[in-house]
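Asker: Produce the complete structure using the sequences and hints provided.
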Amino acid sequence: MTRILYFAWLRETVGYGEEEVALPAHVATVADLMTWLAARSAAHAAAFANPRLVRCAVDQEFVTPEAAIGGASEIAFFPPVTGG
Amino acid sequence: MARILVQTEDFDAGVELGRLGHEDAGGIASFTGIVRAGEGERRVVALVLEHYPAMTLRALEAIVAQAQARWPLTGCTVIHRVGRLRAGENIVFVAAASAHRAAALQACAFLIDWLKTSAPFWKQEEFEDGARAWVAARAADDAAAAAWNG
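Going down the list, the sequences are from chains A and B. Start counting the first sequence at 188; every next residue gets the next number (the numbering used here). Start counting the second sequence at 88; every next residue gets the next number (the numbering used here).
The reader is advised that the hints may include incorrect statements.
[Said to hold, decoys possible] Far from chain A by the CB rule (all over 12 angstroms, computed), these chain B residues:
#1 T95
#2 E96
#3 D99
#4 V102
#5 G120
#6 A146
#7 R157
#8 P159
#9 R171
#10 H187
#11 D216
[As the list claims (entries may be wrong)] Derived CB-CB ranges, DEER-like:
#12 A:P238 x B:D99: 40 to 46 angstroms
#13 B:A174 x A:S260: 35 to 41 angstroms
#14 B:G113 x A:R227: 52 to 58 angstroms
#15 A:P211 x B:A186: 55 to 61 angstroms
#16 B:G101 x A:T216: 46 to 52 angstroms
#17 A:A209 x B:A89: 36 to 42 angstroms
#18 A:V208 x B:A149: 25 to 31 angstroms
#19 A:G204 x B:V102: 33 to 39 angstroms
Because the hints were derived from the structure by calculation, they are not lab data. For every residue, glycine included, the Cβ atom is placed at its ideal position computed from N, Cα and C.
Answerer: In structure tokens:
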């Protein structure tokens, strides 16, 4: 199982901040995962409607959509950061 | 020699500057960020700061390590508050101490520029009428951080 986390408006749009999913083998990259998650519900589809607005961290490291997710235990999706 | 904190409580910038005093530190540069009520028609009464707890400290440590690799620092402090912060309250503090002013000033600017684009914090504005809105990332912040790679 892989833990998926959502932050900021992605959490609000999906409706919760965390879920556990069993990823099929064909979901190899972050971009694949966004497409796969978008098909889970209308709320997920809304959250991932524009993947260019979404950033990702795999096991707490920032990655780009092409990054492989094989073996990851925690994958987080969020908008561009706005701290400071 | 780096002090990195993520906390809901306020901080005392004077106390933090005092901690960086050191016989080899010729100077300390610091930046204190404050919640701004804003210049627009709708006044911001508070910011709600969300973060990714499992990742935040790791990201801040990575940013501090980069500053330490680029400049000879005798000390370095990063404090970021989270939770609901009212207009006028402190939100972030960064400080860098070094033997000479150029290193301290540059490291301080680098720390705040990178913190804005490379640490997992998100701000939500709360307005006078109770409405809330997520703050959008600014291209100018990305450009400021990227400029350090030039």
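Asker: Next, verify each hint and record whether it holds.
Answerer: Hint check:
1. The Cβ of T95 (chain B) lies farther than 12 angstroms from every Cβ of chain A, with a closest approach of about 15 angstroms, so its non-interface assignment holds.
2. For E96 (chain B), the condition that its CB be more than 12 angstroms from all CB atoms of chain A holds, with the nearest at approximately 17 angstroms.
3. Distance check on D99 (chain B): its Cβ is at least 19 angstroms (rounded) from any Cβ of chain A, clearing the 12 angstroms threshold; non-interface status holds.
4. With a closest Cβ-Cβ approach of about 21 angstroms to chain A, V102 (chain B) is found to remain outside the 12 angstroms limit, as its non-interface label requires.
5. Its beta-carbon lying about 6 angstroms from the closest one in chain A, G120 (chain B) breaks the requirement of being farther than 12 angstroms from that chain.
6. Taking the minimum C-beta to C-beta distance to chain A, about 8 angstroms, the non-interface status of A146 (chain B) is violated against the 12 angstroms cut.
7. Taking the minimum C-beta to C-beta distance to chain A, about 19 angstroms, the non-interface status of R157 (chain B) holds against the 12 angstroms cut.
8. Non-interface status of P159 (chain B) relative to chain A is upheld: no Cβ of that chain comes within 12 angstroms, the nearest being about 24 angstroms off.
9. Annotated as non-interface, R171 (chain B) keeps its C-beta farther than 12 angstroms from every C-beta of chain A; the closest such distance is 15 angstroms.
10. With 12 angstroms as the threshold on Cβ separation, the claim that H187 (chain B) sits away from chain A holds: the shortest Cβ distance comes to roughly 25 angstroms.
11. At roughly 19 angstroms from the closest C-beta of chain A, the C-beta of D216 (chain B) stays outside 12 angstroms, upholding its exclusion from the interface.
12. Range check, P238 (chain A) to D99 (chain B): Cβ separation about 43 angstroms, and the 40 to 46 angstroms hint holds.
13. Between A174 (chain B) and S260 (chain A) the Cβ separation comes to about 39 angstroms, which falls inside the hinted range of 35 to 41 angstroms.
14. G113 (chain B) and R227 (chain A) have their C-beta atoms about 57 angstroms apart, which keeps the hinted 52 to 58 angstroms range intact.
15. Look at P211 (chain A) against A186 (chain B): about 57 angstroms separates their beta carbons, and that is inside 55 to 61 angstroms.
16. In this structure, G101 (chain B) and T216 (chain A) meet the distance hint of 46 to 52 angstroms, their C-beta atoms being roughly 49 angstroms apart.
17. Between A209 (chain A) and A89 (chain B) the Cβ separation comes to about 40 angstroms, which falls inside the hinted range of 36 to 42 angstroms.
18. Distance hint check for V208 (chain A) and A149 (chain B): the Cβ-Cβ separation is about 28 angstroms, which falls inside the suggested range of 25 to 31 angstroms.
19. Distance hint check for G204 (chain A) and V102 (chain B): the Cβ-Cβ separation is about 34 angstroms, which falls inside the suggested range of 33 to 39 angstroms.
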